[in-house]
Amino acid sequence: MSDFFWLIPLIPGVGALINGLFGKRLPKPVIHGVAIGAVALSFLIALGCFFGPFLSGGGETVLEKTLFTWIPGMSAAQADGTMADFTALWQYRLDALSMVMVLVVTGIGLLIHIYSMGYMSHDPGYWRFFTYLNLFTFFMLNLVLGANFLMMFIGWEGVGLCSYLLIGFWFERDSAANAGKKAFIVNRIGDAGFILAIFLIFYTFGTVDFYEVMAGVSAQFDSPEAGWGVLTAIGLLLFVGATGKSAQIPLYVWLPDAMEGPTPVSALIHAATMVTAGVYMVARSAVLFEHAPNAMLVVAIVGVSTAVFAASIGLFQNDIKKVLAYSTVSQLGYMFLGLGMGAYAAAIFHLMTHAFFKACLFLGSGSVIHTMEHAEHASGGHRDYTEMQDMRNMGGLLKHMPKTGWTFIIATTALAGIPLTAGFFSKDEILWSATHGGHVTLFWIVGVIAAGMTAFYMTRQVILTFFGEFRGGEKMASHLHESPSSMTIPLMVLAVGSIVAGYVGLPFGASLIGPFLAPALNAGMPIEAEAHHASVAVELMFMGASVLVGLCAIFLAYRMYWGKPEGDKAVSEGWPGVYRTLYNKYFVDEIYGATVVDGTLGGASALNAFDAEVVDGAVNGAAKLTLGVSDLSNLADASLVDGLVNAVWKVLAGVSNGLRHLQTGVLQNYALMMMVGIGALIGFFYYYLWT
Amino acid sequence: MERLDTISSLQYFVPEIVLVFTLMAVLVCDLVSKNRAPRERRLLIVIPSLIGLVVALSYSLQGSEAVSAGLFHNMVAFDGFGQMLRVIFIVTSIFVLLFTLHSNELRLVHHGELLVLLLTVTVALIWMANSINLLMIYLALETVSVASYVMVGYLKTDRLSNEASLKYILFGAVSTGTMLFGLSLLYGLTGSLDLFEIRSALSSQEVVASSGPALMVILVLVLAGIGFKMATVPFHFWCPDVYTGAPTPVTAFLSVGPKVAGFAVLIRFFYGGLASPSEDGASWAMVGSVDWQTMLMGISVITMTLGNVGALLQTNMKRLLAYSSIAHAGYIMMGAVVLSGEGIQAMLAYMIIYLFMNLGAFLVVIVVHNDVGSFDIKDYAGIWRRAPLLTIGMGILLFSLMGIPPFAGFLAKWYIFSVVIDAGLGWFAVIGGLNSAIGAFYYLKILKTMFIDGSDTPEPSTPLALQPLYAGLLLVLIVPNIIGLLLWGYLDRVTEFSQKLLDAM
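These protein sequence lines map, in sequence, to chains P and G. Be aware that the first sequence starts at 1, since it is given in the working numbering, and climbs by one per residue. Be aware that the second sequence starts at 1001, since it is given in the working numbering, and climbs by one per residue.
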């Protein structure tokens, strides 16, 4: 089965094609049959690959398949002045890193596809939704299976497109359409960095193939100083791309807005897979980053800052999905912290566990929203979707929808880092890595603070949503019921994953995933011995501290919100400034609005004004000038040219008339004039031509 | 150069002999058919005339062997130049002869003498163009003139025709008399009537030293006779009056035949007598002390300018074409001033093309006069609606006369201008160009009248009467103007051969 690994990305593509072309006329069972079947098939092949060659061959297994030569040799200049053939193959490569990603994408993707069956069942855009989902899967798999930066870029752009389409899926809502636009535009900024990085990579190494580039890095820049300049530039440019796609400071703003999309989309694209593309990309370029420590440091700083920053915003959000969105941003920050600290495997590990529990949380929230909206609808209410997603209108849902509730709680424990859950292992792995590299305590402390905040807001969310009394109104309460099994089964699967997924990465050097990924992260090169597992005791101590912080946060949240849905008041009244700042997300959107957006718009309107006043003015001026000139030339034509012509005519006519008088008809005059002429000729000769 | 005696000269003189016998035969035919019906009588004279001309033409075309000789003890030249001119004259005569057949002006008169005169002038033109002896030049020129005078006044009952004839005679008498005076002075100065002997005499130092002012006067006086034939300023005065008064076919003939012969004499006289050829015969240097090149240049400029300006206000078609022909004389003279074989070539090319476009224009005048009965330009209004094809044909002829590409007239002007520019006389070509622009004024005025004027009259138009003979002739005259570009290579070869004067004289 592993021989057909290259079908993994193509099958969902075919699914998208079928649904895209014929979906409108197909019945729903066929639509989701095709879409789910395609992803399931991909997942099966991925499993086959994993349990086949990868289980037996370990992390060093690499499967390659070149479908065709995408860009045949084009001569292009190189950094060293030579010309290289720029060749790009349409090549898929499945190594350990890709394997993990493929399993996450197809596995989680499959569950979300199944979940969507129930969640989207009443949506008129059913076929469109599954088309987009399959298309997204196709591009995402291209992204993770592509063997070179260009292939990755194709996937990168493709998932961006699908993200845009799916955020704006309910484009009749202005807010959704705007959110889609925002996501797209912000991503474009990052993409610009990515493509520049690709240019620079080719310019430096003469290839865009991952393994060849990494080999080139090792060969050309064996001493760390050698390539600081160009490698740092490449690293930072790549990271600019990553901040866009993975919603890091300063480009994270699109992700919370992206929650305008259907919840399965939020789960699949904006939590489990697409937003992790940046993490994957940096991990893919691990060798390069290893040779660019400054870039690494930037990655770590941005990562940890984003982690704590987004977590703090999440503290007092009321929209159930917004909390999760900021949580996602925060968790992605963790991953980048891990990457920046050189713990690539830990980052990928966290990516994987996060995919489980965050998908579970999103789908759980989706289930809640689904139920809320149905209840509202059934009770004849007409409050809009923002009200239905507001946790202040929820409460006590656990008894109405226990499956959703309990899976949500399990996933929460994972996210909060309760020991023995998946999140605990992966987050701890990252925090542990943060103790290395000389910036020890600061990164660790900030990371732990963020972890504490995470535990706090998740506890708050669980309490507000599932415990206490239902605050959505009497009428609604009677209509609350559990979601269909197509939604709850994926939830349960994911909840199980939220626990067990962590056991592939046990601490204290017992990790399975670390050694598995190592060959791929090293791009097939020998692995340098990682000796940072200094001491079990030290690691245990750090671990204990972070767990303690988490538990304290949970207890604090419990004290604040248990039975007191208005628990925010403690903060909003105690520290109104802090609360307001956090509640309003540090006013970043406003700041961006005032600076970047208004700046851009201002610039645009300035340019518009420039266009209208100066350019149009110039054009109009030119037109006026032209008109003026043409008037002038008309005048000139009428008076000058015509005048000239007329003058010439008049002169000539006058002369002509004169000649007519000369031509008297009287022969004597002719003879006389002829004689005069002869005399004139002789005179002419005499005075001028006499030589 | 081979100097031949009378008997051995005759072999190169066949076309002229044929024409002389023809004209005598026509004379006899005309006399013996006196009692026959007019139509029958006309056939009896026209057919022998045509046969004679065609035979002469065929002999002329055969004579294109590269022989050059001075016939009759150097009285008449036989060379490529002369052969070409002979063809031009005979072709012109054939056209004009055919023009006369259906002309309304000549409807009421007997054609017999006219044809005899036409044949006489044709022979005389050939002599004139080939004379290399002062006496012969004068004799031929006078023969042409005298016969022309009669042709111009052929409409005995027409006052204008008589007046034109008289003016022509008197003006011609003054001109040729002046010329004769010059010739006699030249004989006195050099002691010879032979152009080549005159040249060698003028080349000797003592003659140059002593002859300056005399030679100057001689040149101007001789030019009077030649200029009279070419119709160049200041010897052009007869031209508008005579062209207007003469029967139109005669006018057409005068506008081509004697003019071309005049230029031939100009070349023979100045290149033969007053310039010495270079080794290869491709260029000449002036002998004697007189810069006649500049004089010709001046005359050329004044002639073309006066011709064009004079034409602007003309309301009579024939008079306008008279001025137009004066202007064209100015253009043709441009080729004479550059003192090179190529200049002669350009002149010949111009004259050949001029033959077609000018004869064509006059034929249209004849055709229109046949129907409308007027030479007034304003009576040409609305011709477009009555005879669109004729109007288009006239358009082509006029565009050709203007020198608009791609018509042959453009090629002629372009060639002659480029020769002038090559000679380093750019300003001269610019004046030529400006004159062409002025010329466009009056040619376009005719076109405008034909195409636009009178097009708003509601009355249904009757087709213009066009005799099949004239239609055919028009076609023959117009087509070369259109396909001039295609014929250019041939024309170039012919003129290349024909610019070879009698051993470059």
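Keep in mind that a hint or two might mislead.
[Unchecked claim] Derived pair list, reagent style DMTMM-like, types lysine to aspartate or glutamate, alpha-carbon separation capped at 25 Å:
(1) P:K399 / P:E387
(2) P:K24 / P:D123
(3) P:K65 / P:E157
(4) G:K1448 / P:D319
(5) P:K650 / G:D1453
(6) G:K1156 / G:D1453
(7) P:K650 / G:D1376
(8) P:K399 / P:D319
(9) P:K569 / P:E539
(10) P:K322 / P:E172
(11) P:K624 / P:D589
(12) G:K1445 / P:D642
Hints in this document: simulated from the structure, not taken from any laboratory.
* Asked: Which earlier hints turn out false for this structure, listed by number in ascending order?
  -> Failing hints, ascending: 4, 6, 9 and 11.
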